[in-house]
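Sequences listed follow chains A and B, in order.
Under this note's numbering, the first residue of the first sequence carries the number 68, and numbering increases by one thereafter.
Under this note's numbering, the first residue of the second sequence carries the number 68, and numbering increases by one thereafter.
For the record, the hints were derived by calculation from the structure and aren't laboratory data.
One thing to keep in mind: the hints can contain errors.
Note that identical chains are pooled: a pair holds if it fits in a single copy or bridges any two copies.
[Claimed, not checked] Mimicking DSS-like on lysine-lysine, the simulated pairs with C-alpha atoms at most 27 Å apart in a straight line are: (1) LYS227 with LYS331; (2) LYS227 with LYS174; (3) LYS319 with LYS154.
There are 2 protein chains.
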Amino acid sequence: HPSLQVTGGAGFVGSHLVDALMIQGHEVTVADNFFTGRKRNVEHWLGHENFELLNHDIVNPLYLEVDQIYHLASPASPPNYMYNPIKTIKTNTIGTINMLGLAKRVKARFLMASTSEIYGDPEVHPQQEDYWGNVNPIGPRACYDEAKRVAETMCYAYGKQDRVEIRVARIFNTFGPRMHMNDGRVVSNFILQALQNEPITVYGDGEQTRSFQYVTDLVDGLMNLMNSNCTLPVNIGNPDEHTINDFAQIIKRLVGGESEIVHKPAVEDDPHRRRPDITRAKQLISWEPKVPMMFGINKTIEYFHQEINRKK
Amino acid sequence: HPSLQVTGGAGFVGSHLVDALMIQGHEVTVADNFFTGRKRNVEHWLGHENFELLNHDIVNPLYLEVDQIYHLASPASPPNYMYNPIKTIKTNTIGTINMLGLAKRVKARFLMASTSEIYGDPEVHPQQEDYWGNVNPIGPRACYDEAKRVAETMCYAYGKQDRVEIRVARIFNTFGPRMHMNDGRVVSNFILQALQNEPITVYGDGEQTRSFQYVTDLVDGLMNLMNSNCTLPVNIGNPDEHTINDFAQIIKRLVGGESEIVHKPAVEDDPHRRRPDITRAKQLISWEPKVPMMFGINKTIEYFHQEINRKK
Ligand SMILES: NC(=O)c1ccc[n+]([C@@H]2O[C@H](COP(=O)([O-])OP(=O)(O)OC[C@H]3O[C@@H](n4cnc5c(N)ncnc54)[C@H](O)[C@@H]3O)[C@@H](O)[C@H]2O)c1
Ligand SMILES: NC(=O)c1ccc[n+]([C@@H]2O[C@H](COP(=O)([O-])OP(=O)(O)OC[C@H]3O[C@@H](n4cnc5c(N)ncnc54)[C@H](O)[C@@H]3O)[C@@H](O)[C@H]2O)c1
Ligand SMILES: O=c1ccn([C@@H]2O[C@H](COP(=O)(O)OP(=O)(O)O)[C@@H](O)[C@H]2O)c(=O)[nH]1
Ligand SMILES: O=c1ccn([C@@H]2O[C@H](COP(=O)(O)OP(=O)(O)O)[C@@H](O)[C@H]2O)c(=O)[nH]1
Ligand SMILES: O=c1ccn([C@@H]2O[C@H](COP(=O)(O)OP(=O)(O)O)[C@@H](O)[C@H]2O)c(=O)[nH]1
Ligand SMILES: O=c1ccn([C@@H]2O[C@H](COP(=O)(O)OP(=O)(O)O)[C@@H](O)[C@H]2O)c(=O)[nH]1
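Same shape as in the complex, but just chain A (with noise of 0.2 Å):
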């Protein structure tokens, strides 16, 4: 079993990613400064011998021997990444340098968590791989749209010229238990409404869309990814688009209560529609997402529920 390196593994999808690469046997270590992930996470972890948790700020170098890491070290959801865009933009620019440094120097296989973002606000429908994107270099979004960006860049470039192994995921949307109760995100945002019976808030006409895939599907696209030859970059996500009218029905509907959809202003430079072409994936990887969304939702639920049941 090779020895993996997690960064960011005690966030959302990291720390699933964790649960997966620790169940197959491996020795795992995650450094994460605890920005936006926590210690609870990962917590059931602790103590196991194959299990090593650092607390490092990976805008910091970092000294270590692994054979592949999963570089996933970023804030990811829009208050969170405009919160400090200047750390926002060091942690996906200085920090993504020094982990491909550290691949360079232990001669690791380098994963990048990229994100449909770097496909902006886009003009071309499904979004393939080989699509330039349309991003706003000095918007709102751009600390994290424009720094994903680079950071792929960096990527091929430490590829080419150092021969480090590189691999790409494009993440999609995606949701499931451990993702933030107060990230400001769609899912997060509606099932928090509905479960409190407070309005359900749909930001502009709600006719934009999104795709969104259950983070366990994300996770084996992450480690197929990994573990297959290709290069290229490769979106993973969940081709399943729905409005966010639509959405906000949907939760409503599962969660049941009272609350009413009210709508809100539009947010700046919100992406219109966003859905995945996985053709890549499926032909490379040898991937494509299983779990139903409402499976996905229901889950969700329940880990929001137990986690507002909690904090009581």
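Use these hints to put chain B with the ligands onto chain A, whose structure you have.
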């Protein structure tokens, strides 16, 4: 007279800027690692009491006291920036963060030398500043284009979060004396080829266009922008657009000689058309180019001629 810092001040554009600033009576400090610049370009100021030349790589921190920073350090021509893509990215990401950190600490005004390349292969013509661009994030030019895009993002992040006074110049193709003879750019290649009676090499069908400005016009624009109140990005370029075929003819005619014009294979991701819309520069920084192209080309031919003789 405020004290000024010019990163990349030993380069082509930087050295002309230094000349203009020194003549105005400023204290000028140049920070340059001489990757593509050379001491020769500023040697006429060595020993002057207002001038200091630091052999410094901006990927490392720098501690100085200055009032304004002109941030030009970065390789600029495709062969130079593709020579070491990782270094190009580090210079524009880590290097720009360092210089912004310096500007923040000493409360200096900061001018970023950005580029028309942030528009990539543009789909709108001419390019206005609110166009978001069309850049391949993992193409051969990405180490420059994406790094410059995120450098702009960084500027606005420091502007908003830490109140650094930001100026962003999007510089279009520039030529003139002290441009590198062997940097593979069209102006230098064509003049050199014509002067040496070698074939003039047009890449592709030659119907792609560029708009060339003379370096002293650019220097005026950078100084106007620095001393204006304009925090928006501003195109600085000459809207006088020519096809590369045109350009080959013009240079052949001005140099004289026997060169034939030949076609070579097209370059990957080569932008098809490029021309600045300079409405904003006219309105907000009272600038427009003044030097006629023929004058500029003759000056450049003269310079190349001298350089060839000096090397003999
Ligand atoms: N969740 C999604 O829908 C989604 C979509 C696209 C891409 N992604 C990407 O997947 C990755 C994980 O996202 P997530 O949803 O799990 O987010 P998250 O916020 O839950 O996890 C990110 C983790 O990174 C850590 N981190 C942040 N900055 C760090 C730094 N400087 N040093 C060390 N650790 C740091 C955080 O503490 C957190 O544990 C991110 O890179 C994100 O951009 C997520
Ligand atoms: N010349 C053009 O047509 C053009 C067009 C658009 C933008 N620009 C921008 O203008 C600026 C100057 O371009 P130029 O044509 O004078 O290029 P140049 O190569 O002549 O000058 C760049 C200078 O920066 C220095 N430098 C590079 N990396 C450095 C580092 N890490 N630390 C310190 N110094 C470093 C080089 O030694 C050189 O002196 C660049 O930022 C470039 O991107 C130029
Ligand atoms: O095991 C390592 C090796 C490198 N680095 C960091 O990665 C960066 C980039 O590495 P690279 O080899 O490109 O750079 P260099 O060593 O030349 O600065 C370095 O500056 C270090 O900060 C790290 O954190 N761990
Ligand atoms: O309470 C909310 C939160 C989000 N959204 C919308 O839901 C979509 C997805 O937003 P999210 O922040 O979850 O993800 P991203 O925009 O990064 O895809 C966007 O159009 C948001 O404007 C909404 O209507 N109400
Ligand atoms: O006078 C200065 C101040 C800062 N820096 C560099 O600029 C970076 C970014 O500065 P910032 O204040 O954002 O960062 P911090 O000091 O918090 O790391 C720092 O890390 C330093 O490397 C510099 O070179 N000169
Ligand atoms: O010997 C040369 C050098 C360049 N070009 C073309 O001239 C244009 C400008 O190239 P340059 O490298 O000067 O600048 P940039 O592409 O960065 O604008 C591009 O279409 C090149 O393909 C050419 O035809 N022959």
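Status of the hints after comparison with the structure:
1. With identical chains, the CA atoms of LYS227 and LYS331 are at most 27 Å apart between copies only, with a shortest distance of 25 Å across copies and 47 Å within one.
2. In this assembly of identical chains, LYS227 and LYS174 lie within 27 Å of each other by CA distance solely inside one copy; the values are 14 Å within and 39 Å between copies.
3. Taking the shortest Cα distances, LYS319 and LYS154 never come within 27 Å of each other, neither inside one copy (36 Å) nor across copies (52 Å).
Consistency note: the structure conflicts with earlier hint 3 alone.
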